[in-house]
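Asker: So the sequence lines, in the order shown, correspond to chains A and B.
Quick note, the first sequence lines up with residues 0 to 590 if you use numbering that gives the first Met the number 0.
Quick note, the second sequence lines up with residues 0 to 590 if you use numbering that gives the first Met the number 0.
Worth double-checking, as some hints may not be accurate.
Since the list gives no way to pick one copy over another, a pair counts as held whenever it fits inside one copy or between any two copies.
Listed below are the simulated BS3-like cross-link pairs for lysine-lysine, each with C-alpha atoms no more than 25 Å apart in a straight line [what the hints assert, rightly or not]:
| hint | residue 1 | residue 2 |
| --- | --- | --- |
| 1 | LYS464 | LYS583 |
| 2 | LYS188 | LYS292 |
| 3 | LYS188 | LYS284 |
| 4 | LYS316 | LYS290 |
| 5 | LYS512 | LYS4 |
| 6 | LYS512 | LYS583 |
| 7 | LYS580 | LYS512 |
| 8 | LYS134 | LYS412 |
| 9 | LYS292 | LYS316 |
| 10 | LYS229 | LYS583 |
| 11 | LYS188 | LYS551 |
| 12 | LYS412 | LYS233 |
| 13 | LYS290 | LYS134 |
| 14 | LYS290 | LYS131 |
| 15 | LYS131 | LYS284 |
| 16 | LYS475 | LYS455 |
| 17 | LYS4 | LYS32 |
| 18 | LYS551 | LYS412 |
| 19 | LYS320 | LYS233 |
Rather than coming from a laboratory, the hints here were simulated on the basis of the structure.
Number of protein chains: 2
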Amino acid sequence: MILDKVNMPNDLKQLSLDEMNVLADEMRELIIKKVNTTGGHMGPNLGILEATVALHYVFNSPVDKFVFDVSHQCYPHKILTGRKEGFTDPEKYHVYTGYTAPEESEHDLFKIGHTSTSVSLAAGVAKARDLKGEKGNVIALIGDGSLSGGEALEGLDNAAALGSNIIIIVNDNEMSIAENHGGLYDNLKLLRETNGDAELNFFKALGFDYSYVEEGNNIGELIKAFEAVKDSIKPVVVHIHTEKGHGLEAAVANKEKFHWILPGTLDVKEDSAVSAVESYDSFTKDFILNKVKTDCRAIVVNAGTPGVFGFDKEFRKTVGKQYTDVGIAEEHAVAYSSALAKCGAKPIFTVMSSFIQRTYDQMSQDMALNNSPMTMLVYWGGISGADATHLCSFDMSLIGNIPNIVYLAPANKEEYLAMLEYSYNQNAHPVAIRVPMGELVSTGVADNTDYSMLNKFKLEEKGEKIAILGLGNFFKLAKEVKSELKSRLGIDATLINPRFITGIDEELLENLKQDHSVVVTLEDGILDGGFGEKVSRFYGNSDMKVLNFGAKKEFSDRVPLDELYRRYHLTKELISDDVEKCLKVACCVHN
Amino acid sequence: MILDKVNMPNDLKQLSLDEMNVLADEMRELIIKKVNTTGGHMGPNLGILEATVALHYVFNSPVDKFVFDVSHQCYPHKILTGRKEGFTDPEKYHVYTGYTAPEESEHDLFKIGHTSTSVSLAAGVAKARDLKGEKGNVIALIGDGSLSGGEALEGLDNAAALGSNIIIIVNDNEMSIAENHGGLYDNLKLLRETNGDAELNFFKALGFDYSYVEEGNNIGELIKAFEAVKDSIKPVVVHIHTEKGHGLEAAVANKEKFHWILPGTLDVKEDSAVSAVESYDSFTKDFILNKVKTDCRAIVVNAGTPGVFGFDKEFRKTVGKQYTDVGIAEEHAVAYSSALAKCGAKPIFTVMSSFIQRTYDQMSQDMALNNSPMTMLVYWGGISGADATHLCSFDMSLIGNIPNIVYLAPANKEEYLAMLEYSYNQNAHPVAIRVPMGELVSTGVADNTDYSMLNKFKLEEKGEKIAILGLGNFFKLAKEVKSELKSRLGIDATLINPRFITGIDEELLENLKQDHSVVVTLEDGILDGGFGEKVSRFYGNSDMKVLNFGAKKEFSDRVPLDELYRRYHLTKELISDDVEKCLKVACCVHN
């Protein structure tokens, strides 16, 4: 194998073009096998393979510096920078993260997993070089899908005015995760159709020098283009036309499906029939389809990640004009939805917890300050074993401290459905709902709560001495803790389902003082700035003891969930241990 | 006066062009007099006067809908939509806000005060119209300075693909608050120089129809241009070249100074000599100038608001290449600074508290996750009587709950200087410093604290029974409360200067349990998600009573500061009252 001779970028420079082509094929095979075994980003890595070989052939990393946007496409780079055993040796498949990681290699500058950041970061890298009087090229790689994000656009505007070397490779595979949306993409199309010669050129309009490579999976062509811009003394864009999933028929045929795959996807010969299993996702889709059918004002908005919500092609087609995918553009998504709501439409913005933080100012100013009655559905919110770049444990602390927003945490199917209806029909507030995670819970009894009565917690079971507030996903855990305390201490604890994240039920909490000495709060997110602290503050001047359970403020990185639960004392046993200790302090319970 | 005949937009339609020109002059005089009396945005309102007259002449508000970006330029619009007495009658100068406000008029759609939002909002307005099968034009007005913000760029990309009527008026006065920065502005210049005919056209590249009006202060020309696009069935940009401060010589001569002025600015004949008075601003500037002079790695970054920090033209010139104003582009500013720090430069990003929320994701992912040792200086943080759009009380809750960031609250000059040095010289963490507000406090004794020992609070005065934690700006209030408690109760309270916002000193707090029964926290920001709640959580399982004082989570709107302090119990008397009440509960103090 050629790859046997290649450990670091320098080894590449000894190869002929033919050898590099063989090398690319070898790498492709490794990536396909590895990703199909572990799951991961398939299409983006296959599409950028030849370009990565050409970049490392032409430039001299780490003196020349690469910044990969979102780093969904860094596997070939990892193979060529000392980490190939993470792809050749199945035992080591999990050694390296799926994203660039400075702790792994000096060839990775940043830990990256959110989109649209590479150009801004590269501008900083280039400016640091200039300040220190150093030399070298700075190369940002960015996909066409990521270009629509505000940070990328701000970065392009500024990078163009940098006045020194910065090379931006626009990896145009004609796709975001799903299809692209926005006027910019018509310009990319025009540029592709004219082999880069069209007069109307978004990049040139910003002030960049510009070149185009039609055969973006042709190493020889790419090398020519990169050599032409190497050591450029001014900002330049190289627009390369690549094929997402290149070299893997299934991935080319179904680019969206193969953007990121689960283990074994290639081994399933046909798409299984659409699952009829009920889930929070299916309820949401049913709700939307029903509204869209009966109400012309209904509209569903998302920012470039329809797959997260199960919005497949058929769903998108059915919803038609009442579906807007704004592309990677969460800021626009919130402002746009806010205006829709203000003008009498009924927008439902769906977003993954990790990405809601891309639009704080718009939530605060465009939405909350204007009290726009839109609905935000926050998916995947909760503690997880995810990569540090995709944690979903910050949304409650983020949304929960903005005035005017009603943020709800349903604990089961019936509550979720009732909250959806409430939010859709009301006109008083922006409402966010944390779509439950994990196993489907159903009470079998319709929820008739009037959620317009804000901050009313549900007293599920009245007990004594100890009250357990189990928020959303953790209501189930609260029930387990109640059982555990019963069996350990013989105490019938009170069980409360708060349902509101953004406010506390002062009357209910006040009443607890009569016959309770310990209040326990459980929340599926970080404690800092979260729900429990508000309860602690409320009881600050009283004798009530309060124990807050939730995640620590940290960027945990691929830590297994059960380990995190132990770390944060989020098991019925550990919580009960802490409650027992606390009861000893709460003297009035001693008897 | 012509204005006597004009109360609402319809009245305008009866006027001849000559009458409209006279009307514009009358309005100009009123605006100059009013703004010079009350303070406010002068240049932007004078620049857009003629365009506003023309817009209301051509379009039919509120059937046709206007969205004003940042709404720094809405005074002429207010005059023409039923609110002229706010300009003709000095008694009513304060009746209307300086921003668009739906509660004032149906001609204002949104409450707006942050930049770069109008295109996204207008896209939502237009889509709502289309969903409901309604008619009418939707017009977004946006200044050239606001174009560089991510939300505006995301909005433009999406608006271009809307497929129906949306008219974007680009008000190009060749200025942001200060000068513009970024490649986009070279394109605007080229378009101006070619009377809109240049082939390279940023807006056309995005897919907009485009027209240009060189005489953007000529009502007749503007009417022609607006009539040409009225009822357009597709997205269109009208690029108008206006003069900031038009018709007021002083404002034209010094556009930056007259962007927003203090009362009476026109009456001061000459710029007073540069003030030599010491202030936190002057310390910061001295610090930066010193670093820049001695260290080529030093660089100061801001996002389009140099005036907030006192970075005047002379300062900018002196700092030279070590100064980057990224324009309205906070996301880029943080990512860029983060990369600078990661690559060995020493970036200092200065930002107003109200705008730090425009870049949460970049603080979290680009900066905190990468532990980039950059310095962020947060200005104006604190409770204020500001307009609801410019509150500065959310930054601690926002920054304070992101992992890895060290957020510091100095209580005096010496601490501030020591923290600046610490932050500049360290390489371990992103450090944010909340630049103190209000009167300068100096101890006269250099602060030699080693701030790399994180989360160590300073025990200023050891007392008993009650401990008062006065954070940053509120350390002064803590001292007052201590005196008040001494005189009321004869108790020598313990006085603590926490200095760290992002973590608590567990050892010190633990020790307080020995001889204290009440802990009081004071913070100059919202309580929700803030500093005090972390202290409450810490003491949750103990007998310690905790009282958190700070602002309520709300969008207060031009409420006088002393009224807010009363509302939030932020006076020594009200705090002492609450402490007294609490002492009665804390039985162990009874004696």
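Asker: Going through the numbered hints above, which ones does this structure break? Give me the numbers in ascending order.
Answerer: Hints 2, 3, 5, 8, 10, 11, 12, 18 are the ones this structure does not satisfy, whereas the remaining hints hold.
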